[in-house]
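Chemist: In case you want the letters, here they are:
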Amino acid sequence: MHTWEDMKQVQPLVSKMLINSFNKNRISHAYLFQGSQGTGKREISLLFAKAIFCPNRDGAEPCHQCNACKRIHSGNHPDLHWIKPDGQSIKKDQILHLQKEFTYTGLESNQKVYIVESADKMTVNAANRLLKFLEEPSKQTTAMLLTENSHAILDTIRSRCQLMAFQPLNSQGIEERLTGEGVSESNAKLLSQMTNNLSEALEIQADDWFANARKLVIQLIEVLNNKPNEALLFINHQWMPHFKEREQLQRGLDLLMFWYKDMINHELEREEAIIYQQERDRMEQMSMTLTRQNAVSGLSSILEAKRKINQNVHPTLVMEQLTLHLKR
Amino acid sequence: MKFIIQREQLMESVQNVMKAISSRTTIPILTGMKLEAGEQGVKLTGSDSDISIESFIPAEEDGIVYVEQIEPGSIVLQAKYFPDIVRKLPQNTVEIETDDHRNVTIRSGSAEFHLNGQDAEEYPQLPQLHAEDSFELPIDLLKNLIRQTVFAVSTSETRPILTGVNVKIEDGILQFTATDSHRLASRKLPLENQETEISFNHVVIPGKSLTELNKILADSEQTIEISVTDNQILFRTKNLYFLSRLLDGNYPETSRLIPDESKTVVTIDAKELLQSIDRASLLARENRNNVVRLITKGGEQIEINGNSPEVGNVVEEVAAESIEGEELKISFSAKYMMDALKAVGSDQVKVEFTGAMRPFLIRAIDNDQVLQLILPVRTY
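Sequence order for the protein chains is A and B. Under numbering that gives the first Met the number 0, the first sequence has 191 at position 192, and the numbering climbs by one with no breaks. Under numbering that gives the first Met the number 0, the second sequence has 89 at position 90, and the numbering climbs by one with no breaks.
In short, the hints are calculated from the structure, not lab data. One should not assume that every hint holds.
To be verified - No farther apart than 27 Å at their CA atoms in a straight line, the calculated lysine-lysine pairs in the BS3-like style are these: (1) K83(A) with K79(B); (2) K207(B) with K99(A); (3) K341(B) with K214(B); (4) K207(B) with K138(A); (5) K138(A) with K270(B); (6) K305(A) with K214(A); (7) K270(B) with K167(B); (8) K99(A) with K167(B); (9) K91(A) with K138(A); (10) K334(B) with K270(B); (11) K90(A) with K207(B).
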């Protein structure tokens, strides 16, 4: 169980703001926690919920011992509602359940808290239903929306929440720890970009799949650059068989995105920021033909492709469209 | 925890509390059933967070021993399996025992079940209600109150507060009110022989909970005790506790809606009117909102007609006891009218109109405890 002391290490600013809101008794009716994966959004929202419900609260610090704290920890507190995506998105029904819940009085107290995980995954319908509750909050409810991408949330929702920006974790720290674990420097750099979690990074590193994925990304770039007419063939014969699952494809697109980022960094001569350190020569060579504008438009096509994958568009079609965009 | 219990009693209690347990709940612990053993007996609890039902099995009642060898304690058991296990046990007595690791052993005759229990601490704590701010009603009267009002609650979620029944006590008069903004049903009841002077007016009980309560209670002359707290209401019979959460918000002020004077008063046999409207609605049903029309005629007659241009029309004349006041043509929903006539529960009813565009009232002829109000439909 985390305490505010622990969280201060990870998110000094956000923790301080939340603790102060307790001390001054000015808890907002809705918060939007935004920050990338692994930055402690869940932990802080749980801690905040505990602080709200705990009867033995000392300042902002819940006791972690009492019945309420324990039940929040195990997900059994009847007045805390935790909504997370059911499959690809948060459905209207889930928000309907919330809606009903908020017309009722609480089960144990009149204090209610709802936490919506991956709030950006709400369907438009669901988001609009939630909006009504953010507009007319009843006295003792607190909402926490967690998201990795606050811009994917309806403006009307965002403007009604207090925004809490979670700082990204220091990727250099992870990189150093990875090299400490015996990971090669270039891989460490790549892994630290992909995840904020040390054990997850080591797991990826140990997987053969990842090494091959990396090779394929470089090959794709090579093909796009030298033999653009064969790109579609390459996608069908080599790329798709390797990136079978949606999640794998997302990873592959991340790797591809780093390359375009590198191209921009290379152009700006920010050499230390380059992720594919070993591929310097290739970058040098490509920068002759690829302008910065091309790289930027490449990045936006990749982001678009990632979004489409999330929305259940057929993966092969997405990749084909992407290569057509990229080879121009 | 340990006890030996009569299977029949246990089965009955399990069946009662199962009515509150739903498999579709967001809180994992609520898929379970809580068993709590104390010196006095065994208590079972089930809840879907909207309603909670507690059933108590006394250790001894009228000299008959139901529960023996009680060692106090509590546990939460999976409600998916426990009832079936109890039902199919071979002997008439059941022994239930838990160890420190929340393993539950259920023994009956030579059959022995081992179930994994959950920590009872995790179960929601239902409020402790005090007997001081409560009042009593005979069960059949309560069932009547529910039946006469609950049908009028709104089914649409646009105004959530209207999905409940407003309960208030003022000057020793208990009143149930339900409305969906097109019709209103209300029933008053003077509370007699109550020692406590309580009054409240902000309590709104979800219609669903009341319907459920009505199903669970058997018709009987026994009394039921009702207590109210900030967020829950408790109905308590001897061994059964029924708790419901309340609806949050302000119930609209309804007393102003009820007209205090009328222009046309029709006194009529409820059953005859009901049947004739039922007939008229046969054709009107095709019509989008099931509207029938009522026209007063001379000679104590009223005409009911239903018209659906594509299908045909129906006209019927009904003899009224008396018609006083102005002549009138009015249209209204046949369904609402039929619901209201059924709920009044009297042979003769008095229908008070205040013009074709104003709401009208239906009351029993001999008392004004039951009141039904319906808004007419505008037709051309």
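Chemist: Hint by hint, say whether it matches the structure.
Modeler: Hint-by-hint comparison with the structure:
Distance hint between K83(A) and K79(B) is fulfilled; the C-alpha atoms sit about 25 Å from each other, no more than 27 Å. Note on K207(B) and K99(A): the hinted pairing holds, with a Cα-Cα distance of about 12 Å set against a maximum of 27 Å. Distance hint between K341(B) and K214(B) is fulfilled; the C-alpha atoms sit about 19 Å from each other, no more than 27 Å. With a C-alpha separation of about 25 Å, the suggested pair K207(B) and K138(A) falls inside the 27 Å cut-off, and the hint holds.
As the CA atoms of K138(A) and K270(B) are separated by approximately 49 Å, the hinted pair breaks the 27 Å bound. A C-alpha spacing of about 20 Å is found between K305(A) and K214(A), which places the hinted pair at or below 27 Å, so the restraint holds. For the given pair, K270(B) sits about 31 Å from K167(B) by alpha-carbon distance, which is inconsistent with the 27 Å threshold. A hinted pair counts as satisfied when its Cα atoms are at most 27 Å apart, and K99(A) with K167(B) qualifies at roughly 23 Å.
Proposed proximity of K91(A) and K138(A) is supported: the alpha carbons are some 24 Å apart, at most 27 Å. Straight-line distance between C-alpha atoms of K334(B) and K270(B) comes to about 15 Å, which keeps the hinted pair within the 27 Å bound. Between K90(A) and K207(B) the CA atoms are separated by roughly 24 Å; this keeps the pair inside 27 Å, and the hint holds.
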